[in-house]
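Quick mapping for you: the protein sequence lines, in order, are chains A and B.
The letter at position 365 of the first sequence is residue 365 when you use the working numbering, and the numbering goes up by one with no holes.
The letter at position 20 of the second sequence is residue 20 when you use the working numbering, and the numbering goes up by one with no holes.
To be clear, the hints were calculated from the coordinates, so they are not data collected in a lab.
Hints may contain errors.
Stated by the list, open to error - With a straight-line Cα cutoff of 20 angstroms, these simulated PhoX-like cross-link-like pairs (lysine-lysine) come out:
id: 1; chain 1: A; residue 1: Lys251; chain 2: A; residue 2: Lys278
id: 2; chain 1: A; residue 1: Lys335; chain 2: B; residue 2: Lys89
id: 3; chain 1: A; residue 1: Lys475; chain 2: A; residue 2: Lys31
id: 4; chain 1: B; residue 1: Lys42; chain 2: A; residue 2: Lys375
id: 5; chain 1: A; residue 1: Lys254; chain 2: A; residue 2: Lys276
id: 6; chain 1: A; residue 1: Lys415; chain 2: A; residue 2: Lys405
id: 7; chain 1: A; residue 1: Lys259; chain 2: A; residue 2: Lys279
id: 8; chain 1: A; residue 1: Lys279; chain 2: A; residue 2: Lys251
id: 9; chain 1: B; residue 1: Lys47; chain 2: A; residue 2: Lys375
As the list claims (entries may be wrong) - Here's a subset of chain A near chain B, in silico, CB distances under 7 angstroms, partners left out:
id: 10; residue: Pro96
id: 11; residue: Leu334
id: 12; residue: Ser343
id: 13; residue: Ser352
All residues carry an ideal CB built from backbone N, CA and C; glycine is no exception.
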Amino acid sequence: MELYEYNLHDLLEKLNSKEISSKEIFESCKKRIDSCEDKIHAFITRTEDFAKSQLEENENPAGIFAGVPTVIKDNLCTKGIKTTAASKILGEWKPPYDATAWKYLREAGAVLMGKANMDEFAMGNTCGNSAFGATHNPNDISRVPGGSSGGSAAAVSAGYVPFSLGSDTGGSIRQPASYCGVYGLKPTYGMVSRYGLISYGSSLDQIGPFARTVEDLQLVMSVIAKYDPMDSSCFREKTHDFTHSENVSIKGKKIALVKEFQDFTLDAPIAEAMNKIKKILEDEGAVITEVSLPVVSRYAVACYYALAMSEAHTNLERYDGVRYGYTVNDASSLKEMFERVRSYGFGSEVKSRIIAGTCLTEPSRCEEYYVAATKVRTLIAQEFSRAFGEADFILQPVTPSMPPKIGEVDDDEMKGYEADLYTLPVNLAGLPGLSFFTGYSENLPVGLQLIGPRWSDADLLNAGVIIERHTGSPKIPDLN
Amino acid sequence: MKLTSEEVNSIALESRLVLSEQELAGAVRYINNFLDMLDRFKELDLKDVEPFSFAEALECPLRDDTVVKFNNAGAILNESEHVDGPYFKVPRIMEE
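Whole structure, please, built from the sequences with the hints as guidance.
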């Protein structure tokens, strides 16, 4: 077994017992990246030289991840290292500071192998909407890896690194985790600091980890789920225990299916996985029950996109060519400078969303659309709150279909948005969601999702540990 | 009510985006499809519903009120190509 194939907790055990060195892990991961990256294209920027310098300087030898390679999504700021959010508008921008989540990993000793590809400004669900080309799914390189954190998911799936970070505004961790056959956690809104995360929809954005085992997600969460005074949504009164234990149980827990989702069509492997996991949970002593989410099922998609686009239009106003990023030097007026920079710098999906957000928040339409959406969001959060009065977790798909082939994505954007129904209500209510591996169907991994009430992330991961015992962990595909 | 291409173009210009003909045609189709989707809200009675906020927002404290020295101004200015001493420099703002 090559070192790059080890999971995070196994690697740490071998490192701590001095059986292997961090330099050997680095070399093995680098070799794996060298041999596969032409096929996968998980990176916008490779940073092995930086990782090497971190190892040579022995940056944080006492940290729990000392010498372990990782990858982070390219919308997380890295001091002195190019950060693009997959957009031409950030050009060669090198931030003057580290994002807090990366800072915490760095203080724990992790070394950075690269900045992962993504959909531009995290807007998309294929990782094909990047100014730097598409990422491919390591399980079948003719298929999309999902998005927007497709590069982070693909890097873990392909065995580049044992864990990575992504961000999830409406499913951008859970959907690529499912498509690539890894575990991904979208934490409770407020659990992980977003300081240094390039903003998309600030009331929805959350940073979270990818890994090849649930235990590894627990390890990463134990490092990044900490209060940060630099993010006002970060809640300092909560303490979280992500300690891994095999001695966990879901006996007597109520796990609900959503009544309104039962009539929706699913691809056969996903429907089969739902039945398989229900049986596993029942065998473990959980009680399968049902909750009703009528507002979620009919209005969540419209509500989400109304709010996400309104927030995006405001957040993306800052890209004007004055202080950082792509710019022009010969504009005769400020207005001309803004127009030239933004018209060249943004891709077409981002432009469409900015225009939609501007439209919805204009005084003449604001009450009818934006304010209405904030009220629908209240109804959605209340509906989840009632549901979690009746059940401990909700079990549901991540997506209705298996990963499409690259280039076969539907041209009708609204249809694509409707496919996000299973992920984006979670962000509207600020809930945690675990995307977990259930097995393979003709070499393609099949993922499902477990959702819990706010701040139940540790319980959710414990439930994931139990499921993983039955399903086994995903395998790294043979890409050579 | 459907938005015309003139209306969408005017919204794009408010966002400081100049669209090609092809981009404008795509944007008109996109916005109108999107507004159709949002018409679903009209089925709901939202009169007495409060806009959303997280339950913990009231408890979410501001940062501790302590003075912290900021000494990264040089690095921030260095990110821009348009700098004059300690200032960002922009083209003329007033139109002639």
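Going down the list of hints, with the structure as the test:
1. A:Lys251 <-> A:Lys278: Holds, because 13 angstroms separates the two Cα atoms, which is no more than 20 angstroms.
2. A:Lys335 <-> B:Lys89: Since the Cα atoms of Lys335 (chain A) and Lys89 (chain B) sit roughly 14 angstroms apart, the hinted pair holds (cutoff 20 angstroms).
3. A:Lys475 <-> A:Lys31: holds (18 angstroms)
4. B:Lys42 <-> A:Lys375: holds (12 angstroms)
5. A:Lys254 <-> A:Lys276: holds (17 angstroms)
6. A:Lys415 <-> A:Lys405: holds (17 angstroms)
7. A:Lys259 <-> A:Lys279: holds (18 angstroms)
8. A:Lys279 <-> A:Lys251: Holds: Lys279 (chain A) and Lys251 (chain A) sit about 13 angstroms apart, inside 20 angstroms.
9. B:Lys47 <-> A:Lys375: With Cα atoms ~9 angstroms apart, Lys47 (chain B) and Lys375 (chain A) stay inside 20 angstroms; holds.
10. Pro96: Constraint on Pro96 (chain A) satisfied, holds at 4 angstroms.
11. Leu334: This hint holds: Leu334 (chain A) lies near chain B, its Cβ roughly 5 angstroms from the closest one there, short of 7 angstroms.
12. Ser343: holds (5 angstroms)
13. Ser352: With a minimum Cβ separation of about 5 angstroms from chain B (threshold 7 angstroms), the hint on Ser352 (chain A) holds.
Going down the numbered hints, you'll see the structure goes against none, and every one checks out.
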